[in-house]
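**Q** Listed here are the chains, written in short residue letters.
2 protein chains.
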Amino acid sequence: MAAHDPSITYKAAVIGAGSGGLTLAIGLAGFGHPVALIEGGDVGGDCTNVGCVPSKALLHAARTGTDDPFGWTQQRRNHLRDEETVEMAEHDTIALVQGWARLTDRRDPHVVAVDMPDGSVVEVRAEHVVISAGSRPARIDIDGLPESRTLTNEELFELDGPPRSVVFVGGGPISLEMSTAFADLGSRVSIVELEERILAQEDPLISDTLTRALTDRDIGIHTGTTIERFDNVTNTAMLADGTQIDDVEVVVLAIGRQPKLDRLDLDAAGIEHGRRGVVADDWGRTNVDGIWAVGDVTGNTLTTHGANAIGRRTVQAIALPQVPKVRGPKVIPNAVYSRPEVASVGLPVAEIEKIPSSARRRLSIDLVDTDRGFTDDLDHGVVVVDVERFTGNILRAAIVGPAAAELIGIFTLAIDNGIGLRKMFGMVHPYPAWAQAIGKLADEFTLETLPALPREFAAMMRGRVSRQLRR
Amino acid sequence: MAAHDPSITYKAAVIGAGSGGLTLAIGLAGFGHPVALIEGGDVGGDCTNVGCVPSKALLHAARTGTDDPFGWTQQRRNHLRDEETVEMAEHDTIALVQGWARLTDRRDPHVVAVDMPDGSVVEVRAEHVVISAGSRPARIDIDGLPESRTLTNEELFELDGPPRSVVFVGGGPISLEMSTAFADLGSRVSIVELEERILAQEDPLISDTLTRALTDRDIGIHTGTTIERFDNVTNTAMLADGTQIDDVEVVVLAIGRQPKLDRLDLDAAGIEHGRRGVVADDWGRTNVDGIWAVGDVTGNTLTTHGANAIGRRTVQAIALPQVPKVRGPKVIPNAVYSRPEVASVGLPVAEIEKIPSSARRRLSIDLVDTDRGFTDDLDHGVVVVDVERFTGNILRAAIVGPAAAELIGIFTLAIDNGIGLRKMFGMVHPYPAWAQAIGKLADEFTLETLPALPREFAAMMRGRVSRQLRR
Numbered sequence: 000m001a002a003h004d005p006s007i008t009y010k011a012a013v014i015g016a017g018s019g020g021l022t023l024a025i026g027l028a029g030f031g032h033p034v035a036l037i038e039g040g041d042v043g044g045d046c047t048n049v050g051c052v053p054s055k056a057l058l059h060a061a062r063t064g065t066d067d068p069f070g071w072t073q074q075r076r077n078h079l080r081d082e083e084t085v086e087m088a089e090h091d092t093i094a095l096v097q098g099w100a101r102l103t104d105r106r107d108p109h110v111v112a113v114d115m116p117d118g119s120v121v122e123v124r125a126e127h128v129v130i131s132a133g134s135r136p137a138r139i140d141i142d143g144l145p146e147s148r149t150l151t152n153e154e155l156f157e158l159d160g161p162p163r164s165v166v167f168v169g170g171g172p173i174s175l176e177m178s179t180a181f182a183d184l185g186s187r188v189s190i191v192e193l194e195e196r197i198l199a200q201e202d203p204l205i206s207d208t209l210t211r212a213l214t215d216r217d218i219g220i221h222t223g224t225t226i227e228r229f230d231n232v233t234n235t236a237m238l239a240d241g242t243q244i245d246d247v248e249v250v251v252l253a254i255g256r257q258p259k260l261d262r263l264d265l266d267a268a269g270i271e272h273g274r275r276g277v278v279a280d281d282w283g284r285t286n287v288d289g290i291w292a293v294g295d296v297t298g299n300t301l302t303t304h305g306a307n308a309i310g311r312r313t314v315q316a317i318a319l320p321q322v323p324k325v326r327g328p329k330v331i332p333n334a335v336y337s338r339p340e341v342a343s344v345g346l347p348v349a350e351i352e353k354i355p356s357s358a359r360r361r362l363s364i365d366l367v368d369t370d371r372g373f374t375d376d377l378d379h380g381v382v383v384v385d386v387e388r389f390t391g392n393i394l395r396a397a398i399v400g401p402a403a404a405e406l407i408g409i410f411t412l413a414i415d416n417g418i419g420l421r422k423m424f425g426m427v428h429p430y431p432a433w434a435q436a437i438g439k440l441a442d443e444f445t446l447e448t449l450p451a452l453p454r455e456f457a458a459m460m461r462g463r464v465s466r467q468l469r470r
Numbered sequence: 000m001a002a003h004d005p006s007i008t009y010k011a012a013v014i015g016a017g018s019g020g021l022t023l024a025i026g027l028a029g030f031g032h033p034v035a036l037i038e039g040g041d042v043g044g045d046c047t048n049v050g051c052v053p054s055k056a057l058l059h060a061a062r063t064g065t066d067d068p069f070g071w072t073q074q075r076r077n078h079l080r081d082e083e084t085v086e087m088a089e090h091d092t093i094a095l096v097q098g099w100a101r102l103t104d105r106r107d108p109h110v111v112a113v114d115m116p117d118g119s120v121v122e123v124r125a126e127h128v129v130i131s132a133g134s135r136p137a138r139i140d141i142d143g144l145p146e147s148r149t150l151t152n153e154e155l156f157e158l159d160g161p162p163r164s165v166v167f168v169g170g171g172p173i174s175l176e177m178s179t180a181f182a183d184l185g186s187r188v189s190i191v192e193l194e195e196r197i198l199a200q201e202d203p204l205i206s207d208t209l210t211r212a213l214t215d216r217d218i219g220i221h222t223g224t225t226i227e228r229f230d231n232v233t234n235t236a237m238l239a240d241g242t243q244i245d246d247v248e249v250v251v252l253a254i255g256r257q258p259k260l261d262r263l264d265l266d267a268a269g270i271e272h273g274r275r276g277v278v279a280d281d282w283g284r285t286n287v288d289g290i291w292a293v294g295d296v297t298g299n300t301l302t303t304h305g306a307n308a309i310g311r312r313t314v315q316a317i318a319l320p321q322v323p324k325v326r327g328p329k330v331i332p333n334a335v336y337s338r339p340e341v342a343s344v345g346l347p348v349a350e351i352e353k354i355p356s357s358a359r360r361r362l363s364i365d366l367v368d369t370d371r372g373f374t375d376d377l378d379h380g381v382v383v384v385d386v387e388r389f390t391g392n393i394l395r396a397a398i399v400g401p402a403a404a405e406l407i408g409i410f411t412l413a414i415d416n417g418i419g420l421r422k423m424f425g426m427v428h429p430y431p432a433w434a435q436a437i438g439k440l441a442d443e444f445t446l447e448t449l450p451a452l453p454r455e456f457a458a459m460m461r462g463r464v465s466r467q468l469r470r
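In order, the protein sequences belong to chains A and B.
Counting with numbering that gives the first Met the number 0, you get residues 0 to 470 for the letters of the first sequence.
Counting with numbering that gives the first Met the number 0, you get residues 0 to 470 for the letters of the second sequence.
Only pairs whose alpha carbons sit at most 30 Å apart, straight line, appear in this in silico BS3-like list of lysine-lysine:
{"hint": "1", "chain 1": "B", "residue 1": "K422", "chain 2": "A", "residue 2": "K439"}
{"hint": "2", "chain 1": "A", "residue 1": "K329", "chain 2": "B", "residue 2": "K422"}
{"hint": "3", "chain 1": "A", "residue 1": "K353", "chain 2": "A", "residue 2": "K439"}
{"hint": "4", "chain 1": "B", "residue 1": "K10", "chain 2": "A", "residue 2": "K439"}
{"hint": "5", "chain 1": "B", "residue 1": "K353", "chain 2": "B", "residue 2": "K439"}
{"hint": "6", "chain 1": "A", "residue 1": "K422", "chain 2": "B", "residue 2": "K329"}
{"hint": "7", "chain 1": "B", "residue 1": "K422", "chain 2": "B", "residue 2": "K329"}
{"hint": "8", "chain 1": "A", "residue 1": "K329", "chain 2": "B", "residue 2": "K329"}
{"hint": "9", "chain 1": "B", "residue 1": "K329", "chain 2": "B", "residue 2": "K439"}
{"hint": "10", "chain 1": "B", "residue 1": "K329", "chain 2": "B", "residue 2": "K10"}
{"hint": "11", "chain 1": "A", "residue 1": "K422", "chain 2": "B", "residue 2": "K422"}
{"hint": "12", "chain 1": "A", "residue 1": "K422", "chain 2": "B", "residue 2": "K439"}
{"hint": "13", "chain 1": "B", "residue 1": "K422", "chain 2": "B", "residue 2": "K439"}
{"hint": "14", "chain 1": "B", "residue 1": "K422", "chain 2": "B", "residue 2": "K353"}
{"hint": "15", "chain 1": "B", "residue 1": "K439", "chain 2": "A", "residue 2": "K329"}
{"hint": "16", "chain 1": "B", "residue 1": "K329", "chain 2": "A", "residue 2": "K439"}
Some chain B residues judged to face chain A by a derived CB distance under 10 Å, without partners named:
{"hint": "17", "residue": "R76"}
{"hint": "18", "residue": "H304"}
{"hint": "19", "residue": "D375"}
{"hint": "20", "residue": "T411"}
{"hint": "21", "residue": "V427"}
{"hint": "22", "residue": "H428"}
Worth flagging that the hints you see were computed from the coordinates, not collected in a lab.
Note that CB positions come from ideal geometry on N, CA and C, so glycine has one too.
Turn these sequences into a full structure, and let the hints steer you where they fit.
**A** See the structure below:
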């Protein structure tokens, strides 16, 4: 690791050492470019410290009955953080500047001011500035709820053990994963979601299947409502719909993410931004030349793999502007590691609903009705696919069920390469893998939409499909 | 269901009502064709009765601690068998002839003689004959081993409970799956394999990873040896390498499959056959026009999904000979539902070894070294890919690890559509899905083999890959 040298002009000043920032810093350093990486907190960002890494570790510890699940989770988290810090140190063209960055103006080279913990200000000059400042949990005030009982993902993994009873506010990925973990650990778990359903950005069939699965595990799900008041004498959450949740030990706020814009002084540099964050395109470009934004701070993606994917493109755009971009950007899937898992890929549901229904087709298969669902006594699971009606090209696919985050890769590869359900017809999956459900959807689509084939062929397909679907 | 009418000529006489035969019978019936389905045993064949269905049910019951795992397995198996029998009955162009078929001569229409349980012989005339007679477990005599302690997959699921101690002879899929189940049920489990490694048709790295995983679970693995003698006083299995396995309650023979040729009288019809079974091509064609063979009886595939896949092609070839076969046959993957799972797809290892090593490249990634491996405390897992050196086209892929049978679908789709690792470069997988390992292999290949790209780009990639691989 290099010491910061205020006299040089870096190739890039990277603001934030999370998933997006590390991709940029290490990527550009790999080209031999000097990079200033500006981070006031821990290297690794939310993912390593308070996000995907500890959440997956806690899910694993909870599922397998590990002694001291929180201690184990913290140990895993700390180990990975230390490893990333050491790894950063090995890059001798990266200078880590441990403070809080703010933009100054549109000068080229750009000048970033860094407020250091000791109150001093350090200047960083760079050809490019990459804003990868991340996000923080959005907060709301709940009448009567004491600070001592309020957690977010930033505090959750510091617990010593599972609370007796926990209420999650919000029904998104963090809430769903941690509900699974806490339910496994023996906590009484409730979810309170303002929208009419959990995981509201997904297809209603996805939300419904997941709701049934979690309800079966005694997770209380309250939708279309909110905590109106918390009685801190009886520790009762009073919901707007009149429901009371008694004996609540902690409330976890997981209502969404806010981009960390406050210290950046985006306006000084004239950078366009909105409620979701810095406005940036699929390559990380902002409205100001030479200033880029990647990851949660843009709101375009709110995942580690999303920040990493866009970050890789930004590295390429900065370091190799001459390399032609032969293919369009690849599609970025989503996953929730609840039990059952949820995963999806493709156009947002809202975009699909804008397509005339005559031009699209929705197919789904209940995983309970598959042979594997039968041998494994599955209670709830579904695959939903939206396709172009005439081509079978996949617009969106979503899965609730075992290994959903792995299965979604079949659809991701299909979308990236323009492989529709008709081309997937006849693809062979091992019996009785869950993936066979995808083969059945391809059968069903092909049966319905091959009017050019003799009617008899359709009849044959119907025989096979009904047999396979019925099981 | 129709009653058999000896006076009519069926479109097809299908010999055997297992996975292949049912695909043919139901497929052709879907076209309105009269079909005679000849089966002396239970409808559903090995898969439903003594194969994939009860094995997956037992694996599930064992893993989840179901009370009475064998009773539950039998109940699932019986339910599915009954369902298939009812379903067959609904097809009014299928006549089920419950006896044992034998071919007669090359006459057209072909005449199949059926030996009925009452000693009578029934004749079936058909334009096409499809041989889908299946296979049975190969048997060897072990000196001193009493019949009462000898099981195969045909008897295994009739047990009342797990034996105290079980030795599997053979280290293939059946043995590996049932070792997993019995170990979960508390049996002391050993595997004795004649070859130098278990799952000998796979890449050595696959066998090795699986061996380590099973050994960690206290499954004794003895390779390159065999049971020379069984002492039926002390119940000790004496191995050829001098090892003794004490206190053996049952020995399960799982050394491979033998095609059920003995009743068929293939020579009467002049049908070519060998040690593996009836000689047939990828569409089920034998050397005799109008006589087809599908599934285990051919030895070409020994799986339900393989019989189903070839069976679908045979249906198409019989019913729609005029429909052009626009694409070549799709690739058929394999899976073993042991824990960890194993799956593979593509050219056999032996075929790959014939390709000059300068024209191919083997890449692998240890799943333990991935982020998910770290959060989930994985002990053993690997992905191995053989590709064409210059194109990155996938020759074979194999996986040991969580959800291997699902993950393999990404490679299956890639092979079916000619998508090599270079085209997979930049494909996004959810963090931290196991599928990310596939992304890392694509990175590694692209890094190594893109000499046309500027050297700096390779340097960038190296940075990212080393970071991702190291974790």
